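Starting from the given sequences, assemble the full structure and let the hints guide the process.
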Amino acid sequence: MGKTSYQPKNKRRILFVFPKYTPSFGTFHHAYSLVKGVKAFMPPQGILVVAAYFPNQWEVRFIDENIQPAKAKDYQWADAVIVSGMHIQRPQINYINREAHKFGKITVLGGPSVSACPEYYPDFDILHLGELGDATDRIIEYLDHHTKRPERQLVFTTQQRLPLNQFPIPAYHLINPENYFLGNIQFSSGCPYRCEFCDIPVLYGNSPRLKTPQQIIAELDAILSRGNPGAIYFVDDNFVANRRATMELLPHLIEWQQKNGYPIQFACEATLNLAQSPKLLELMREAYFCTVFCGIETPDAFTLKAISKQHNLGMPILEAINVLNSYGMEVVSGIIIGFDTDTPQTADNILEFIRLSHIPMLTINLLYALPKTPLWYRLKAEGRIIEDDSRESNIDFLMPYEEVLNIWKRCIATAYEPEFLYERFAYQAQHTYPNRITPPNSPQRVSWKNIQKGLQTLMNLFWHIGIKSDYRKTFWQMAIPLLRRLDIETLIHIALVSHHLIQFTRECTGGEQAASFYSQKQKQTTPISSH
Numbered sequence: 008m009g010k011t012s013y014q015p016k017n018k019r020r021i022l023f024v025f026p027k028y029t030p031s032f033g034t035f036h037h038a039y040s041l042v043k044g045v046k047a048f049m050p051p052q053g054i055l056v057v058a059a060y061f062p063n064q065w066e067v068r069f070i071d072e073n074i075q076p077a078k079a080k081d082y083q084w085a086d087a088v089i090v091s092g093m094h095i096q097r098p099q100i101n102y103i104n105r106e107a108h109k110f111g112k113i114t115v116l117g118g119p120s121v122s123a124c125p126e127y128y129p130d131f132d133i134l135h136l137g138e139l140g141d142a143t144d145r146i147i148e149y150l151d152h153h154t155k156r157p158e159r160q161l162v163f164t165t166q167q168r169l170p171l172n173q174f175p176i177p178a179y180h181l182i183n184p185e186n187y188f189l190g191n192i193q194f195s196s197g198c199p200y201r202c203e204f205c206d207i208p209v210l211y212g213n214s215p216r217l218k219t220p221q222q223i224i225a226e227l228d229a230i231l232s233r234g235n236p237g238a239i240y241f242v243d244d245n246f247v248a249n250r251r252a253t254m255e256l257l258p259h260l261i262e263w264q265q266k267n268g269y270p271i272q273f274a275c276e277a278t279l280n281l282a283q284s285p286k287l288l289e290l291m292r293e294a295y296f297c298t299v300f301c302g303i304e305t306p307d308a309f310t311l312k313a314i315s316k317q318h319n320l321g322m323p324i325l326e327a328i329n330v331l332n333s334y335g336m337e338v339v340s341g342i343i344i345g346f347d348t349d350t351p352q353t354a355d356n357i358l359e360f361i362r363l364s365h366i367p368m369l370t371i372n373l374l375y376a377l378p379k380t381p382l383w384y385r386l387k388a389e390g391r392i393i394e395d396d397s398r399e400s401n402i403d404f405l406m407p408y409e410e411v412l413n414i415w416k417r418c419i420a421t422a423y424e425p426e427f428l429y430e431r432f433a434y435q436a437q438h439t440y441p442n443r444i445t446p447p448n449s450p451q452r453v454s455w456k457n458i459q460k461g462l463q464t465l466m467n468l469f470w471h472i473g474i475k476s477d478y479r480k481t482f483w484q485m486a487i488p489l490l491r492r493l494d495i496e497t498l499i500h501i502a503l504v505s506h507h508l509i510q511f512t513r514e515c516t517g518g519e520q521a522a523s524f525y526s527q528k529q530k531q532t533t534p535i536s537s538h
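So for the sequence shown, this note's numbering puts the first residue at 8; every next one is plus one.
Don't take every hint at face value.
Stated by the list, open to error - The calculated lysine-lysine pairs, modelled on DSS-like cross-linking and capped at a C-alpha distance of 25 Å, are:
no.: 1; residue 1: Lys475; residue 2: Lys46
no.: 2; residue 1: Lys456; residue 2: Lys43
no.: 3; residue 1: Lys109; residue 2: Lys80
no.: 4; residue 1: Lys460; residue 2: Lys266
These aren't lab readings, by the way, just hints derived from the structure by calculation. Computed from a prediction, not measured in an experiment: that's the story for all the values here.
The following block contains the structure:
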């Protein structure tokens, strides 16, 4: 289980390369320099699973270009180069392909972007469409018999997906966990909802597929054996898509935490109607879930119905957020601007929602029509898709483009004004964090290494924010009460997250960053190193 059934006849060297992300609110890149060793947000789950699936007899290397670029010697070493990525990484995906071809290497591309839009990648030698499965085995067999590039592009499409309960443990041995802001893990794939703008059901289906609790525990053990990341994010698009399965998993997580001294804070993504499941919330609290990302998108009920997200309306949105806070979970929210129902009052409505909800972190983006989504098909039929990479979105909005862009700028500039941001974090520190369980001071949590790392991070924060920043006075007004309570963990959390949000907002309002996470406006390439 967990490996390809194909038995290769030849030795091969396979280089897996994960492309660099364009910066966004969710990448936290401005916080990396403040934490020793950190260079990227999370390990890329998908490509590490594929690397683990490849034959044991083959040599495998992995490069995450969010940490360092692939060099000439890496390409020279390989027989084949395998890449995976999302639409946002498209320019860098194609760049890696060009670099590998300079050295005459076979290139293979899989993952969500090519699976949805193979036409984006005409120059790759081999395309893997769909998830891990029989197409993967056929590609492995092809690479076993060929070391020269094919004369034309070959396309392998998955007909039989490998069940999630047969997935291998990701190849964590290929990464240095200290390079990442936090760890991650996957429990399920797919989502039962059909939000108009979302491509998850298109890519992974409406019926959630699951790993077993035993698999999750084995993966947690594997992560912890490589070092304690401190926090682990469940990358499932909806952690509670199958509530019965989640209820079955949580006691295993609680037992694992108790056995290991609660080394990990868990985070996840879930629909807002999680707030209607008190038994589930109590188990999540006991398992030490501290953060939940909810795609709230908009506080406007009419808009939520228009985008097929009425499941956010099971109870009043502010009440649902308060319920989640009462179980110790800080809510992170996605907010989208540019819906057909938006008006000149949209900015006021969003900012009032932020004030009343006390949500500190929100990923505020312009609406972007991802290919093959219901939104994309509707706008395509209406002649409202604009293929222009110089724009922040590919949508012809009903409101004037500049007005929509100004709404976005006003929302982020106000939401991440230091004093307003710290006020919302102060609310969380007073009304949310105290509702969490109190984990024991176990060796896994209070090791000398963790203490050293925490102190070094604190000193970096004091220097870069408390002394050098132009909002240092506001910072100390936030920090001093926490220092008096010796609540160093909360201080570090608030300061790191806030620093990134404030800095990234300033880049966005100054025109240095894109308004949509999916915008191709920022095209980044990394020059290849010769050594």
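Compare the structure with the hints numbered earlier in the document and write down the numbers of the violated ones, lowest to highest.
-> none
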